[in-house]
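Kindly generate the complete structure, drawing on both the sequences and the hints.
Remember, my numbering sits 376 above the position in the sequence shown when you count from 1.
Derived by calculation from the structure, the hints in this document are not laboratory data. Certain hints may be false.
[What the hints assert, rightly or not] Quick list of simulated restraints, FRET-style, between CB atoms:
1. T437 / D388: 13 to 23 Å
2. Y427 / S448: 41 to 51 Å
3. Y427 / V471: 34 to 44 Å
4. S402 / S445: 17 to 27 Å
[Claimed, not checked] With a cut-off of at most 20 Å between alpha-carbon atoms, the simulated EDC-like pairs for lysine to aspartate or glutamate come out as follows:
5. K391 / D455
6. K479 / E404
7. K433 / E384
8. K385 / E495
9. K385 / E494
10. K391 / D459
11. K433 / E494
12. K398 / D411
13. K398 / D388
14. K385 / D459
15. K385 / E469
16. K446 / E407
17. K391 / D449
18. K391 / D411
Only a predicted model underlies this, so the values are computations on that prediction, with no experimental measurement involved. Even for Gly, the Cβ is constructed at its ideal location relative to N, Cα and C.
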Amino acid sequence: MANKTVREKIIDTLKPLELNPKLQGSYESAEKLPDSFVTYFIPNTQVLATYNNKPFKIGYTLNINYYSSKMSDINTMPDQIFDAMIAAGFTAENVGYDAGLDKETGRYGWLMDFYYVEERSI
Numbered sequence: 377m378a379n380k381t382v383r384e385k386i387i388d389t390l391k392p393l394e395l396n397p398k399l400q401g402s403y404e405s406a407e408k409l410p411d412s413f414v415t416y417f418i419p420n421t422q423v424l425a426t427y428n429n430k431p432f433k434i435g436y437t438l439n440i441n442y443y444s445s446k447m448s449d450i451n452t453m454p455d456q457i458f459d460a461m462i463a464a465g466f467t468a469e470n471v472g473y474d475a476g477l478d479k480e481t482g483r484y485g486w487l488m489d490f491y492y493v494e495e496r497s498i
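This is the structure we're talking about:
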């Protein structure tokens, strides 16, 4: 059985919170945005170890972004996301930071950064 990709691991981790993570920027328009949603982005990867010139240990930097039209959700859901990510083996780079209100979308944002090390089968 092949290893799950880091994307699959993010999605599986956040599913129990009734979140359907999508790649950052993948929503087509502001009119079709759900009231609350989460996105992910992988801005950096790093080969940590190789075998036979193939990477088998890879470090990923991840951005997890939560957006909601309700400030009350911004005050509670990020803690649940954070706890789920830590329990799934992701390492926190920070506890998150405010993205403010996007006037175009009417959504507040809370952004978090994590690190994950994947060990592939060789």
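Cross-check of the supplied hints:
1. T437 / D388: 13 to 23 Å: For T437 and D388 the Cβ distance comes to about 19 Å; the hint holds.
2. Y427 / S448: 41 to 51 Å: At 49 Å between Cβs, range holds.
3. Y427 / V471: 34 to 44 Å: Between Y427 and V471, where Cβ atoms are some 35 Å apart, the hint holds.
4. S402 / S445: 17 to 27 Å: 19 Å, holds
5. K391 / D455: 15 Å, holds
6. K479 / E404: Distance of about 17 Å is within 20 Å: holds.
7. K433 / E384: With a Cα-Cα distance of about 17 Å, the restraint between K433 and E384 holds, given a limit of 20 Å.
8. K385 / E495: 13 Å, holds
9. K385 / E494: 10 Å, holds
10. K391 / D459: 13 Å, holds
11. K433 / E494: Holds, at roughly 6 Å.
12. K398 / D411: 14 Å, holds
13. K398 / D388: With Cα atoms ~12 Å apart, K398 and D388 stay inside 20 Å; holds.
14. K385 / D459: Judged against 20 Å, a Cα distance of about 15 Å means the pair holds.
15. K385 / E469: 18 Å, holds
16. K446 / E407: Roughly 16 Å between the alpha carbons, so the hint for K446 and E407 holds.
17. K391 / D449: 17 Å, holds
18. K391 / D411: This hinted pair holds, its Cα atoms lying about 17 Å apart.
Violation of the numbered hints given earlier is absent; every hint is satisfied by the structure.
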